Structure formats: structure tokens, C-alpha cells
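Novice: Construct all of the structure, not just a fragment, from the sequences and the given hints.
The numbering of the sequence shown is full-length UniProt numbering, which starts it at 1 and goes up by one.
What the hints contain is simulated information worked out from the structure, not anything from laboratory work. Predicted model only: the values in this text are computed from it and were never measured. Don't take each hint at face value.
Within a straight-line C-alpha distance of at most 25 Å, the following computed DMTMM-like cross-link-like pairs (lysine to aspartate or glutamate) qualify [unchecked claim]:
#, residue 1, residue 2
1, LYS147, GLU160
2, LYS135, ASP145
3, LYS135, GLU117
4, LYS240, GLU250
5, LYS124, GLU112
6, LYS226, ASP238
7, LYS62, ASP139
8, LYS124, GLU146
9, LYS191, ASP166
10, LYS191, ASP132
11, LYS191, ASP202
12, LYS87, GLU125
13, LYS97, ASP85
14, LYS227, GLU250
15, LYS62, ASP96
16, LYS62, ASP166
17, LYS124, GLU165
18, LYS87, ASP61
19, LYS237, GLU250
20, LYS135, GLU125
21, LYS54, ASP145
22, LYS66, ASP132
23, LYS87, GLU73
24, LYS66, ASP202
25, LYS15, ASP61
26, LYS77, GLU117
27, LYS62, ASP196
28, LYS66, GLU112
Here are the in silico distance ranges between beta carbons for each label pair [what the hints assert, rightly or not]:
#, residue 1, residue 2, range
29, THR120, LEU28, 49 to 59 Å
30, SER152, SER195, 43 to 53 Å
31, ASP132, PRO59, 14 to 24 Å
32, LEU94, ASP211, 41 to 51 Å
33, GLN183, SER79, 39 to 49 Å
34, GLU190, GLU156, 14 to 24 Å
35, LYS97, SER127, 39 to 49 Å
36, PRO59, ASP202, 43 to 53 Å
37, GLU112, SER152, 32 to 42 Å
Where is the CB? At the ideal position from N, CA and C, for every residue including glycine.
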Amino acid sequence: MASSIPEDKSASSKKTHNARAIASDSILILLNVAAGSLTSHKDVKEEGARRLPKIDFPPFDKSNPKLWFEQLEIVFKSSLIVSSDQKFAALLRLMDKSTSSLLSQVTRNNSENAYIEARTLLIKEFSLTKFDRVKAYMDARPASDEKLTLFSSRVEVLIEDITMEDIRKFCLLRHAPPAVRLQLSGSSFEKFSVSDLLSEADTLTQRANMDALVVGAIHKGKGSGKKLCGFHRRFGKDAKSCTGKAKCSEWKNGLRFIGDNPAEKGNELGTPSRG
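Specialist: Below you can see the structure in the form of C-alpha cells.
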């Protein structure tokens, strides 16, 4: 005969079972949340560690850095290279040894804007001054088989921000002396107005001419500084005694030779003992 379970004991067992089931469900929920968090973190790490794609782009162009960077930005966009770190890493791949050394300070700084800083530095370092760009534009010549439309597009970048005042300054400054032109063709060319630039050129030219006269007088004095004995320094052409050809460039036959004998003094006439 089957033994019957007391009703109060059965109710207690059900209550315990339900409590354990609820606890198990809570544990499963926590485990699922933890698993989802780990998966998301893993996905983030994998995305951050994504390999930099290979860029098929020519090396850094020192002759036209601004245009080179404009074209590089288009390649970055098409290759989904968006972060500053990835852009800077890609940029370093396109630098030669001498150019990359300029970026050593940017690399050491480990800046969040390393690419922007590197781009600004390289454009400033290798861009021509306005004076040089106007000169390059005027000196440019198309190749023998180059169409004028292609030639125009090639040199147009040289004068994209050149004004008529810049043209006037160039046409006038090119007639200045080379040293003055070299000094004013840099930042002063862009900073000064036409009148200020010409005034500065005149001042520097005048100063250069004065310096040239001083230097010329010094060289002339050195060039004419002959070796003279005490007699010729004192009596000039009227000297009748001399210390000899080895010590005086004015020595000539008919002068009295004194030599190194300190006892012989004066400017008397005499027949030299040796010629």
C-alpha cells in the first residue's frame, strides 16, 4: 500500500523547487549578459586591430606637397582610412628616409592629431614662396609634345592664390641686387605691401653698397700693403737707406743696405754692399 505524503511536506518541497528554479533562471540571465559583454568587447578589439590596407599611391612629392596631400585625402576616403593614427601610419609608409626624419618630433609627441601636425609641417617645409612660385610660373615651358591645356593645368597650381599685387612685387623685386632679392623673397614678400617692399629693398641696397665700399677699401689696403722697412715708412720715396729686398719691397740698387745691423742708422746716401 503506497504511503501518502503529508500535504504540508509536499507544499514545502514545491516552494523549495520554485525558489531553486528562480535562482537558476537568474544565474542564466547573468551568464548571458556577461557573455554578450565579452563578445562586444572582443569585437571592438578586433575592429581596432584591423590591419591597415595597402595604399597604391606615389611617394611624397616635395615639389607640390599641397596637391599631393589633397589627392592622398581622396585615397584615404575611398580606402575607409578615417582615424588620425591610421592616416599617420599610412603617411609614414610614403615618406623617404630624409623626409621621415622631419616627422620624428611628431612621432615622439604621440599626439592625437599626429596626421594633421605632420601634414602642416610638410606643406610648410616644402612649399615654394610666392616669389618662387611666380618665377616658376613665368619660367615654365611646355614639353615638346605637351598640349597647352595640359600645360596650363600643370602650372595653374603655382598661382592659385597669387594676386596682381604679388605680380607687381615680383616684377620690381627681380631687379634688385641678388643679395637683397634673396633676403626679401621669403616671408617679407608676403608680409610687405608694394611700397613697403620697395622701401626695404632701397634701404638694404644702400646698406649693401656701403658695406661693399668698406670691404673694398679694406681689401685695397691689404692689397697695397707692401713690406716696408723703417726708412721707407718714414721717408717714403726720399729714403736713401733700406733693409734689403727680403724685408722691403721698395729696395732698389743705389740704396744703402742696412740689413740687420742696429748700429747703422740714418738716411745717408751710400752704395749698397749687395744688390
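Novice: Of the hints stated earlier, which fail here?
Specialist: Result: hints 3, 8, 21, 24, 25, 27, 30, 35 break, sorted rising.
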